[in-house]
Every structure is written in structure tokens, then in C-alpha cells.
Amino acid sequence: MCAEGPAQLHPTLPPVTGAPPMYETFEHTADLGLRARAATLDELFAAMARALTATLVEDAAAIQPRETVRLRLDGDDLGYLLFDWLNELLYRFDAQGWLCADFTVRVASDGLDAEIRGEPVDPNRHRLDHEVKAITYHGLTVARTPDGWLAEVIVDI
Amino acid sequence: MGKQGFDGPIERVTPYSWRIPRRYREGMRVDGIIYADQRLIAGLKADQAPEQVANVAHLPGIQVASLAMPDIHWGYGFPIGGVCATDPDEGGVISPGGVGYDINCGVRLVRSSLTEADVRPHLKQLVNALFEQIPTGVGRSGSYRFERDELRRLMADGVPYLRRRGLVTEHDLEHTEARGRLDGAEPRWVSDRALDRGADQCGTLGSGNHFLEVQVVDEIVDAEAAAVMGLRLGQVCVMIHSGSRGLGYQVCDDALTTLRGVPERYGIQLPDRQLACAPVNSPAGERYIGAMRAAANFAWCNRQLLMWQAREVFADVFGRSWATLDMQLIYDVAHNIAKFEEHVVNGQNKGVWVHRKGATRAFPPGHPEVPAAYQAIGQPVIIPGDMGRASWVLVGQPGSMAHTFGTTCHGAGRALSRTAAVKRAEGRRIDTELEKSGIIARARSWKGLAEEQPDAYKDVDVVVDVVHQAGLSKRVARMRPIGVIKG
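Just so you know, the sequences run in chain order A and B.
Numbering-wise (my numbering), the first sequence opens with residue 1 and increments by one.
Numbering-wise (my numbering), the second sequence opens with residue 158 and increments by one.
The following block holds chain B by itself, in its conformation from the complex:
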């Protein structure tokens, strides 16, 4: 695979969306639509991400268009930032590549009653304590133990399972997408290998782009929505980005092995083996869906346990209970997932499988799946940026239902490859540079920080501006990091 750019046709549709027409390649069933503005589109053509948007348009049963968000970048099979909805009644498929290895990778945001002034004097101690207590990086075991049968129940029941251990509150459940539990999870279809990999990883952060950050709200754009979420200027929050760890990776891997030869059996022609898929209504499709939901439930438990540990560290450092510190969950969203949802397609109500691979659900005000507390403002969307600049909270808007199957972006998107980022960091200390701008960062390795340095990412403000202008979601508040822990 070379890294040559995309030289196929890209036509401007609106100032914020671009079309790869269906005629570009034989076999495309729908157009590709990429959300981007003039600033982003040139960069997008530099690699093969647009080609991957065109590849996804080949999937049977795909509805409307193969969509991509402005943080799109080159993935494997699907682009990161890709969205695809398929209709099972039209032979629609489910594709593990449209979810990714890290099933239900996602983000949660926790508020607090602390201000930056309260935290600054203790920041180093706080970040060190978070880094010591919360397992990060490769090969670190979690603090919570689950026997095999417990793991299976946890995958079936999701976050509510953690009630018996006193590690979740009703408020937490209400403020988690799908209340932290997808129905129809089938732990019996999760392999022993997946259980082996996940056995000691529930409540661990992992590596790569996963992080836990201490952040300060530095801009409020929508005062009403911010007030509903309990956000105000200068307030300290915690953002957590992680997923289903080795268990989810193995579920995806197992599914791709099971799917070898399956597309051919159903007469499905694919331009990339990583797009392997099966009809939703087929034994292989149903099996993957059951296992994927089990892994998604595991991931929500993982983020719940990460949050719980962070609450305990804050309570320890500040000498008050986490409840006194008002460390309430604002929301938790999945950004690597496939879900069966109702959408209006060409004026008709349809049940479709929405694949979000590095894309976030963004339901508007009044949608039945939006928690009661947020009915008036829309579903909170949490967009992590990079460790040097900013992250955002948005809310879903009606435009997402009209154009993107209720979806918006998921992050800044990478601008540099890992090797290029390491090269750019040669002879530098990223942690020292960050500290000079007031950010304490701890990571297991120099290379980990080098690969994840701020310059490796696009400017999240630009990405968020596009989804805001396109009416997919609305800006509420911007947060800047002051403490970072990484794998």
C-alpha cells in the first residue's frame, strides 16, 4: 500500500460537503459524501482516505451515501471517520471493519466543582496519582478481577452489572449512551481467546491514542446547553478515552476469520479484504452482531471503571468524597460501533444498521434515545482533540438526522503518521514542552508521547467548525488540557 494521494473526482456540494460520484468506480452503489471545508479538503486528498470512502460505497444494502466526517483519515478497510447505513431488507450487510478492532471505543466527560485555581497547586501530585493508580500502557493488569462467568455476565448486562460491586450510580447509567448496555449481547459467541485477552483489562486505559485528561473549560459557546450539563468557565473536568481493550480487538479479529470466504458465498464483490462482511440476516452476521454487542458492553464497563478510579484519586488528593466534589458523569458516547436505528430514508421510515467507525452519534433535541436531562438541548457529543490544544462538547442537531444518520465527527483526526511524528520529535522532550505551556503529561514511553504530540493531529477547532456549520451538531464548550496520562 503506497501513500500516494487520491486523484479521483471530488465535487463540491455545499461549502461543507463534497461528493465522490458513484460513476467514479464500477461497483459503487451510492455516492461518497465527505464533510469538510476548503481548508480540510486539500489535506484529505493527500492519502487514500477518499478511496476508502469509495470502497465502502460497494457494500450491499448501503443507503443514501458512503459518508465521512471532517476528521476522516486513512484507516484499514473503512476510513476512520466513516459512516455507513445498511438496510437488512435490501440485503444489507454488517461489516466488522465498519466498527473497527476497538469495538465501542468512546469518550466520557466528568465534571467537578473544582476550578483551575483549586487544582493548580496540586496538579503534579494529582497527575502522578492518576498515573500510578490507573493502569495504562501495554501489558498492565487492572485492579478489578472478574472470573470467566462474571465476565460473561458483565458482557450480557453491561454497566448495570457493576451495581453489585457498588461501582456505578443511577446517575451514571442515565448519562451513558444506551445506559451502558446494548440488548442482544451474546457472550457465548465471544471466544475463549477474547476472554483471555480481556480477563484482566476491564478498568485499564490501554495505549495509542487512549488517554485520561484533566481539563479546564476555557470557552462557553452555548450558555443554555452548558448550564444544563453543569459546565461553567474555569471549571475542572475529566475526559476519558478508551474502548474494549484486548477483548474487543479479539472479537473483531475472530469475526474477520469467520468471514473468510463468506462474502464470496453471497456473491459480494469487495475491493478490500478488510471490508469483509455478511448479510445482517445470516448466521455469520447474527453471530458477529451478538459478539460485537457483548464487547460494546465490556467497553462501557471499562470506561465506567476508569472513571471510578479517577473519582477515587480526586477524593484522595482533595480530601473530599467524589460526590462532594460533584464528579458527575456528563455523558459517555461510543465512536466505534454499529447500531440498529430508525431513520427516515427518502421520506420513508426504515430500520438500518448504522456503522460508525470513528464517528459519534449526535441525536437532536427531542429524540427518544436522548436522556431526559438533555431532551431540550440534544445529545451531548464529546470530541477529544489533542493533548496540547483543546477538546469540545457539542450537542446533536436536526441536520444530523437529515444528512448523516444522526452522526457527527469523533475527534481531531491524525495529520501525521506515527513514524513521521516520531521523526519530528527527535531530540525533543514533548513532556517538557507541554509543561512549559502549563500541561503536566505522564506516559509510559517517550515514543508514546512523541507519536501523540499535538502536531500529529489536525486542529480540532477546524473540524468542529465544519460539523457546526454543516448543522450536524452545535458547539457548547471548549476545554483545554492541564493534566494528561497516556499509555
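Chain A on its own, in the form it takes in the complex:
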């Protein structure tokens, strides 16, 4: 499945320094679609993580990479792996009050290894935005494109 809906560059996001904006939101009636394009799977997964963070918090640039956490997720289905990756980040935010600033992801055929850098939510510095209830499977896409990779996910708001 490929997206054909009207895309909109995220209005509140400054481009990440030194890199072109690689993600955007797209319309879904009650919820929100996140879409990213990247040359490699590693970059694609990192870009989708940034898209999720930018949905949770208004000023993603204010999150500082004070702590580093290493993650390993197993799985051989790219769609499910992307789902599990975003879900893991959402859980860390919702249950542990932890926001991620920066991601290094290595996607392999049997899962992914990631290093995430971030800090606990600080209401004085972080303006929280959407309450993302869940990552959904509806229209979940990780696909090859002529110049790299495309991912799409709809999050329940």
C-alpha cells in the first residue's frame, strides 16, 4: 500500500540541523498519520522515531540527550518491527516519562539494535503536545521505493 493522501510538512518542526526533514504528517480523520522517507532502513526507523517524538512534544529540539539507553528488539517482519520500535518509545514516554532526543538504529534481518538518547520530561522545558494512545496496524507500511525506503503508520490520538 502506498500513500496518496495530501501530505503536509509538519508546521511546527524546524529541520533537523544538517539533515533535510525526512518525515511529515498526513491526514487521517480522527487520528494522525506519520510518514518518513530515507535512503536506508536505519535512517528510516530513526526518522519515524523523530516523527513520533514531534507528535508527543511541541519543541523536540528542547530535549537533551542526557542519558543513553540501548535497546534490542527481535523480529523478522519489517512492519511489525517498526511497530514494536515506535511502541517501545511510546511506552517509555507514557509509563516512564522519558523523551528521546536522538536515535541510532541498526536494522538487521532478525531485529534491530538501537541507542536512544534523551531525558525525563521536564514540564518547565518541554511542552507536551498530543496524547498518542497507541501505534496502530492500520495501513502500517514499510516499503522499498526507487530511491530508498518509505514508512507509514497511523497513531491513535
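Hints were generated in silico from the structure; no laboratory data involved.
Hints are not guaranteed to be accurate.
[Claimed, not checked] Across the chosen pairs, the derived CB separations fall in these ranges:
no. : chain 1 : residue 1 : chain 2 : residue 2 : range
1   : A       : 123       : B       : 282       : 16 to 26 angstroms
2   : A       : 143       : B       : 161       : 13 to 23 angstroms
3   : A       : 143       : B       : 164       : 35 to 45 angstroms
4   : A       : 143       : B       : 277       : 49 to 59 angstroms
5   : B       : 345       : A       : 109       : 31 to 41 angstroms
6   : B       : 290       : A       : 64        : 53 to 63 angstroms
Beta carbons are placed, not taken as given, at the ideal position from N, Cα and C, and that holds for glycine.
Model the placement of chain B on the given structure of chain A, informed by the hints.
For chain B alone, kept in the frame of chain A given last:
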């Protein structure tokens, strides 16, 4: 997923219902039936909601039809506004997507002895106090603490559990769907992750479309039913819309993870992964049902605690106890839930699992599950509209039992996507606009109000007109908002 419209067949059945015939797609086990009138049907075809109605018709054991209410809109898996009943004896399935992430999201309505004239002079103070005291928005902890073992008991016992803390009355229980407790809840099947997410969220409003509103009754349509509920013109009420918070979201999420590969094991072909399901009579099905009921009980406790905090704020602002202010619960209904119910299907009594995803139970007068106080008028149905126009109270009618497994609509339904709503609000202050029309609104963020602005929703009066005309439920009273708090 594109947002292209639906170009499949939709045939008019009555002025208020439309059919997507079973022949539309191979694999559909029943027709799709959408309740809508001529005004609504064109808008419905603009996105993929009708396609989702057809997708739900693929579920094993589905009875009669894949149904949709007039507030239907594009969801994920099931449409929002979708209803599906499955018979376990015919291989019927239970589908977490047919309940949604926010298990037992629902609405309650509380009356008071105050009139608009009593409240107007204190309205700003009241709304500010509600906004300060009731946790709203992302990442706000609740005022009530529950240790892990307490949370598990709360999920097993539902609202009656709150008696020990003096946070519920017998009247509250009598006026809550299922008395705020589903039997058969299995907290042991609620994961640690779900407990982590829900630990400090019982008694918090959340974000998105959840709200607490101060409303004024501005129209009485059915004087007899209104009198039974204690509603009269000009009276101030409180409406609360919230659900099971992070705990319920995680229960749904866990179930969908558990269900990976399960439909295939049972030879079930699904057109959308989000429709994942398991036979009711299977280990995975039973496990989800037990956890879902636990989350539903948590949600009723959440709304009970939200109401309790609102009562305390009113008592504080008006200097009288909430009981003196007659802040009694009129009713509390779930609109994201699956329940095992008795229905007549093709002339036969059957026990079926009714999934209501953005749809409300609407049992008629005389139904055994309708509280004693409402036996003569039918079960109250509470329909939140938008923050600028109106909300409604209806009562269930016999037509719901005949046609929709005892179900009616749940709200206005979104007309604009969140991104489109934000775009339309650029350069505007929604709170200032609302204040000019006499409504004080407080929210954590500009964007929150922008996404939930009145124009983002269909006109609730039109939606309610359809379910009224179709005989699913009957109009009783209309309320307009004067104070709003949002996440």
C-alpha cells in the same frame, strides 16, 4: 493509506439506512448497513469509512449485518461508529479492534440544582478551578493513588471498589451502565506495562477529544423522560467524556501483539491487520475478554473519580455540599466496548458478542438491564456534540433491539481531520471566539483547542435526528456548553 473516497455500491434501504451489499467483495459474510440520511451519506462516501464497514463484514460468526451509526467516520480497522455482533456458537470472534484502544471510553451526565443565572457570575472561577483541580492533558498524574494490588482489585471489582474510600454512593452505582462493574474481569491478564501506564491515571481526563463540560439544558423534547431524569430547562449539568487511559490502550495493544498470527492459525482471512481477532472460545479470545473487562472496570472508576472531583470543585465554588447542589449522576454509558448480550436474531434468542466501537447501548423501556428508575422511559443515552454547539440526552427505543443489537450513535463524528482543523485555525484564537459566544474554554495547548474546534465536527443535531427518525433512540433534551476543560 490514501484518503480517496469510497466508490463501491451503496443502496438506499429506507430514508435513514443504506446497504453495502454482500456481493460487493468476496469474503463478506453479511451486508453492511449504514444509518444515515441524504444529508450525511454524501459526506460518508468521501473517505474509507464505508470500506471499513465492508471489511468488518468479513469477521467469522458475524450476525445480520456489519452496522454503522450516522456519526461513522474513518477509523483504523473498524470504522468509528461501527457495530458488529458475533455468535460464539457459529465460530464467532472477538476483535480488540472492534472495541478500540480506549476500552470503555464513555460519557456521564451529572445534573445540579443550579441554573445558568446562578453559575454565570462565577463561570470563569468555576472553569479555572475545574481546570486546576482535575488533571488534564498529556503526562498529568492523578490525585488518587493506587498501589499495584489495589489497582488489580479495582479492576476486578469496578466502581463498587471505591466504596472503601468513600468515593461512590449507591445512587451512583444504580445510574452507571452495568453498575460500573463487568463480571469476569481478569486483572491477572493485564500486563505490567498496562499497570505502569495506568498507575497514576485513574481520575485523569486525558487528551484528544476527552473533555469535561459545564452545560445548560436549552431544549426539552420529551418532558416525561426529562422529568424522570430530573432535567429541566435552564438547568446546569456536567458532562464528562473519558475512558481507560493508558491502561486500556496498553491492554488493547498487548492483545493485538498476542493475536499476531492467530487469525491465520484459525484459517481466518482478514482484509486489514487491525481487524485481528480470535474465536471467542479460544485461549487468546478468552484472555482478551478477561483483560478487556478489567480495563472497562478501570474506565468506570476513572469517570467516577472525575465526577467526584467535579463535585468537590462545585461545592467549593458555590459554598454548598454537592448533595445540597443535587449533583446526582443521571447516567454513565460506555461507547467503546464488547459485551455478551441476549438478542433475537432471525426470530431466535441468541447470546452474541456485541462490539460497539464508537456506538452506545440504547436499551428500550422494560429491558431488564435498564435501571429501575428508568424502566418506564428506557436507558438514557448521552451524546456529546462539540464544544461550541450542543450535546444531547436520548433514551433507547425498541427499534434498536429490532435493527442494531440495542445500539445507537455516540457523538457528532469528526468532519475534519486534525491537520485540516489546525490549518483552519491558523491565526485564530478558538478560546476567544468561544468566549464571545458565552463559552469559557480552557485547554493545555492552542493546538488541542484547534483540533477540537466546533467546525471539526459534524452537526450533532443532524446525527441525533437520524437515530431518532430511525427509531433507535428518542430525543429527550439538548444541552449547550458554557464551560469546557480539555487536555
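Out of the numbered hints, which ones does the structure contradict? When the structure is compared with the hints, numbers 3, 6 turn out to be violated.
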